[in-house]
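Protein chains: 2
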Amino acid sequence: MTLTNVGILIFDGVEVLDFCGPFEVFSLAIKPGMDTYPDNALYKVHTVAETADSIRTVGGMEVVPTCTIDDHPEFEIIVVPGGFGTRAIYQERPRVIEWIARQAAADVLTTSVCTGAALLAKAGVLAGKRSTTHWASIGRLRELHPETTVLDDLRVVDEGKVITSAGVSAGIDMALHLVARFAGVDRAREVRRAIQYDPHPPV
Amino acid sequence: MTLTNVGILIFDGVEVLDFCGPFEVFSLAIKPGMDTYPDNALYKVHTVAETADSIRTVGGMEVVPTCTIDDHPEFEIIVVPGGFGTRAIYQERPRVIEWIARQAAADVLTTSVCTGAALLAKAGVLAGKRSTTHWASIGRLRELHPETTVLDDLRVVDEGKVITSAGVSAGIDMALHLVARFAGVDRAREVRRAIQYDPHPPV
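Respectively, the protein sequence lines represent chains A and B. All the letters of the first sequence, read from the start, carry residue numbers 1 to 203 under my numbering. All the letters of the second sequence, read from the start, carry residue numbers 1 to 203 under my numbering.
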């Protein structure tokens, strides 16, 4: 079992939990029978931005990317999160859209959380596939991208080499699904237990 | 209704979701009847570190703090997250422990996620109070700090000016609880809906 490189896209106006949920899940997954994290990690998680400059999330957290879309290790998985910043990328950042398209064309497992689905659609990755997005953006994605069948009743839509998930916290579920798919349900359950993800929302 | 300053402590080896869960919830809470986030935010969320240097989370995310323990706005709420890095703070960073103690003494609502509870205990904040922590650290906290009654069956323990929560993802629940307590259940439900926190863990 080799270390899997995961690249999580970050950008100004990225939604914090969209990218931190998957970051958390992947970074805690460890090899079977081992409990000496981080030496036995299954995944190496990278944050990837258009440039090396730090970015500001929704709410103002400042994050320095660990690599750029022009200079990064070969990824097995990329995660495209959502947030208000996706609009600027959709409209004005063709280099980022092209990067997503290149990853998908190179057979990298291409995933999105929340409104990150719009960026996958723009990159042509969702054509002919089922997908999902944040509940408030379902209508918009259907309107702009009739070439994808947008589902509104699943938190995670797995189309093999392309996986999309619903809003914000659903990224946690998607990453657990991926750990289960590639490393087995037992590994995913260990992560779920490690992050005490047995949620009982208080409201 | 005035903007509430929330200070979230970050440090090398902080667990990502421990601090990003509350960051997400607080940063999305908005004033009643408004939908033009972020102009109508209820909370201004700050990341606070011992120094102005960037920190590395568990898994290697690099975050630049927006302020330091020596220079920050007056907080109404502080959040102390957990992670492997808490051990170094517990043992070797008295300035951070003293900062937590000063905040609590100044009547700042003092909260923890996961193993951040150990730092609150070290700062003397949990004496005579009920508390909780990550399930794997319950025994250790009881052993080191018999002056607090550590509960093992709640995700959030609210003792008025001191609130502790269970492991990692429980910080989301704690922050929702706080939004409900201070801004009303309707506001908290809006946030829950915005982050689509209706989780059905896939494993």
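Hints were generated in silico from the structure; no laboratory data involved. Glycine residues also receive a C-beta, built at the ideal position from the N, C-alpha and C atoms. One or more hints might be untrue.
[Said to hold, decoys possible] Examples of chain B residues toward chain A, derived with CB under 7 Å:
1) L3
2) G13
3) V16
4) L17
5) E24
6) A52
7) S54
8) I55
9) G59
10) E62
11) C67
12) I69
13) A166
14) Y197
15) V203
Interface hint outcome for A166 (chain B) [beta carbon to chain A under 7 Å] | The hint holds - A166 (chain B) has a Cβ within 7 Å of chain A, the shortest such distance being about 5 Å.
Hint check: 7 Å Cβ-Cβ cutoff, I55 (chain B) to chain A | violated (10 Å)
Proposed interface contact between Y197 (chain B) and chain A, which counts if any beta carbon pair is under 7 Å | Constraint on Y197 (chain B) satisfied, holds at 5 Å.
Chain A contact restraint for I69 (chain B) - C-beta distance below 7 Å | violated (17 Å)
Against chain A, is G13 (chain B) within 7 Å by beta-carbon distance?
-> violated (10 Å)
Interface hint compliance - S54 (chain B) to chain A, C-beta minimum distance less than 7 Å = holds (6 Å)
Proposed interface contact between V203 (chain B) and chain A, which counts if any beta carbon pair is under 7 Å = Holds: closest Cβ of chain A sits about 4 Å from V203 (chain B), inside 7 Å.
Hinted contact E62 (chain B) with chain A - closest CB pair below 7 Å | holds (4 Å)
Under 7 Å, Cβ to Cβ, is where L17 (chain B) needs to be relative to chain A, so tell me if that hint holds or is violated.
-> With a minimum Cβ separation of about 4 Å from chain A (threshold 7 Å), the hint on L17 (chain B) holds.
Proposed interface contact between E24 (chain B) and chain A, which counts if any beta carbon pair is under 7 Å | Result: holds, 4 Å to nearest chain A Cβ.
Hint status (Cβ of V16 (chain B) to nearest Cβ of chain A, threshold 7 Å) | holds (5 Å)
Let me know if the C-beta of G59 (chain B) comes in closer than 7 Å to any C-beta of chain A, holds or violated.
-> holds (3 Å)
When held up to the earlier numbered hints, the structure conflicts with 1, 2, 6, 8, 11, 12 and fits the remainder.
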